[in-house]
Amino acid sequence: MSMNRREFMQILAAAAASGFALNSRAALSAGNAASFYELPPFGNVSLLHITDCHAQLLPIYFREPNVNIGLGHSMNRPPHLVGEKLLKYFGIKPGTPEAYAFTYLDFDNAARTYGKVGGFAHLATLIKKIRASRPGSLLLDGGDTWQGSATALWTKGQDMVDAGKLLGVDVMTGHWEFTLGADRVKHVVDNDFKGKIDFVAQNIKTSDFGDPVFPSYVMKQINGIPVAIIGQAFPYTPIANPRYMTPDWTFGIQDDNMQLVVNEARAKGAQVVVLLSHNGMDVDLKMATRVTGIDAILGGHTHDGVPVPSIVKNAGGQTLVSNAGSNGKFLGVIDFDVRGGKVMDIKYKLLPVFANLIEPDAEMSSLISKVRAPYEAKLAEKLAITEGTLYRRGNFNGTFDQLILDALMEVKGADAAFSPGFRWGTSLLPGEAITMEHVMDQTAITYPYTTLTEMTGTTIKAIMEDVCDNLFNADPYMQQGGDMVRVGGISYTCDLRQTIGKRINNMMLNGKALDPNKKYKVAGWAPVGEGATGEPIWDVVSGYLRDKKTITPRKLNLPKLIGVENNAGIA
Amino acid sequence: MNQLRRAFLKNAGSVGAVAAAIATGLLNPVTVFAAAWNSLAFTTKDLPGALKNAGYDGAAESSDIMIKAPDIAENGAVVPVAATSNIPGTTSMAIFIDKNPAPMIADFQFMNGAEPYIATRVKMAKTSLVRVAVKAGGKNYIASREVKVTIGGCGG
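Protein chains in written order, with my numbering: chain A, 1 to 571; chain B, 572 to 727.
Think of the hints as simulated: they come from the structure by calculation, not from any bench. Since the structure is predicted, the reported quantities are computational estimates derived from the model, not experimental observations. Each residue gets a CB set at the ideal place from its N, CA and C atoms; glycine is no exception. There's no promise every hint is true.
Over 10 Å on every C-beta distance to chain A, these chain B residues come out as not near it, computed from the model [unchecked claim]:
{"no.": "1", "residue": "A607"}
{"no.": "2", "residue": "S610"}
{"no.": "3", "residue": "D678"}
{"no.": "4", "residue": "Y688"}
{"no.": "5", "residue": "L700"}
{"no.": "6", "residue": "S715"}
Here are some, though not all, of the chain B residues that point toward chain A, as calculated from beta-carbon distances under 8 Å [as the list claims (entries may be wrong)]:
{"no.": "7", "residue": "P641"}
{"no.": "8", "residue": "D642"}
{"no.": "9", "residue": "I643"}
{"no.": "10", "residue": "E645"}
{"no.": "11", "residue": "N646"}
{"no.": "12", "residue": "K719"}
{"no.": "13", "residue": "T721"}
{"no.": "14", "residue": "G723"}
{"no.": "15", "residue": "G724"}
So here's chain A without its partners, still in its complex pose (with noise of 0.2 Å):
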């Protein structure tokens, strides 16, 4: 179905004859594929950042959203833009490979035509370019990297423990990694990592005596110059998910501390203070205005692919705040030139990763395949065939996170189900076979427990309006990151002028209002409290789709949204 790196060269070359929409570069790569990722060196001080590949070793779709919406301060600004109106915000012509990679814009198409994204053997091979060209660069991975994925979930990590050093990551931070157990955690940093990758979090300490557990931060002499990379965790790893994983450690934003560390690092020297970010991009942003002396922040968590970071004024000058999207789809490549002990200039270039213009690198490709060896035959079973493209990301629902909730509300006999707004899964094209593996890439979390709960109409609104004034509070720092809790069985209009309590709305189930003293049988998965039980998610999704072997094009239950008007996070 997707077409091999020649073809594809010739659809670029065929489409820039014929005069249609592509803008020079990639004209000019369909001459040569190598120059497409041409990048010219410049300074002398270079960072590669990676965030949040959610351990897809192998490349990918991934649709980006049509819902991502900013209020306030955040509306109509990066990263609260989608389709045209991303394009048109950052220059980007409509068709070209950076349209694809940047937007939900004619995905089915697109991915067909451009192919799949991603894949650490692929990652391998452009950082190995890109370091080339870069002497002494650093490495640096932003976290969510050792889940997502049927291996890592089996291997408890260890597939991307091993990949991750393969591909020459100097520096982490982490937030899904904490999933699983402290433990776990601390022995690959003290075991797999140790004098090879910096593990650091400024922003976890013990609860008991507030001690460090990791490094705040690390210098680094790049070309002569003591740099300092700063780890900030996921703040609220121990709310959004179980706390029971990390029982001993305390999280939170902490931007006292943050500027305290900055300080340090500076008086030590530190000529370039970089700070990698599992914050997501709003809690970034903010921090932008609040710490100074940061002159970078290489961000993640939210999964926003920014072509162009954002400038933020501070009292101590200006801090550069960019998020490098997901699933291996990009490779973030900051150059800072520096003279005098100062940053006079930065370059940053996000740069996707197109499977078909890239060589695999072999040794990565062996070591993948070794990892996935034993786990082939399962990985691959054939569940079903999708009609419709399967995806997950946006602000309130996807295909596949409806397919979930039908399938739970299904084989648990519910009157409506939940399932959480997680922002990594990889998408489907229509036509494909659903795997055990695209299941897996969907669930495959510690804590996978499906439940069946009897929950009053009070209950259910209370649950959604929390979860909801995460993702809308009009404070970044009260915000988790996530997207909506997915709501199945239940229509309700979410009003985004409202604070939380007053949002939701109009709650109906099968044509009649939501009673608030009614009890009703909801389904869910991946419950945060100690001592849940239930039949893996997994199990209850895969049973449903081998029994129905054609899954027909989903309808998505999506609320009614009020105050969205002119709001460019909205397609």
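Starting from the known structure of chain A, fit chain B onto it as the hints suggest.
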């Protein structure tokens, strides 16, 4: 260093640690227990009433009271709250949580020259303002900070 401290404290035992604190004069058991227990203030159900009954009514908003608390509580049952008063002549500091069934949490008295810094853990059932009130030089001051309590889950 930290591992050493941890081991030391483990060996010393909690009784020893508290004894050491008393020996330094930071905690004066006679004074602490001699102070009358203001049960009225601690059981008042509304914030204005609790402030009044604890003697903190009419407090002026102050930016010299620094409150350290999480933006979102990791566990509503034990929310760490710390505060420092930079107001000269601070003699007491108290913590109030608007939305708690009984808003008054604690009242700390400072001996002559003691640094007005407090740190404790509080229980919160829902999102609320956390207030720290201060008595200094015969006047009352107050500052607040919101702490969100959420059901959790569903993070990116």
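Tested hints:
| no. | hint | in the structure |
| --- | --- | --- |
| 1 | A607 | holds (33 Å) |
| 2 | S610 | holds (31 Å) |
| 3 | D678 | holds (24 Å) |
| 4 | Y688 | holds (14 Å) |
| 5 | L700 | holds (13 Å) |
| 6 | S715 | holds (15 Å) |
| 7 | P641 | holds (5 Å) |
| 8 | D642 | holds (5 Å) |
| 9 | I643 | holds (6 Å) |
| 10 | E645 | holds (4 Å) |
| 11 | N646 | holds (6 Å) |
| 12 | K719 | holds (5 Å) |
| 13 | T721 | holds (6 Å) |
| 14 | G723 | holds (5 Å) |
| 15 | G724 | holds (5 Å) |
Consistency with the previously given hints is maintained throughout, with no hint failing.
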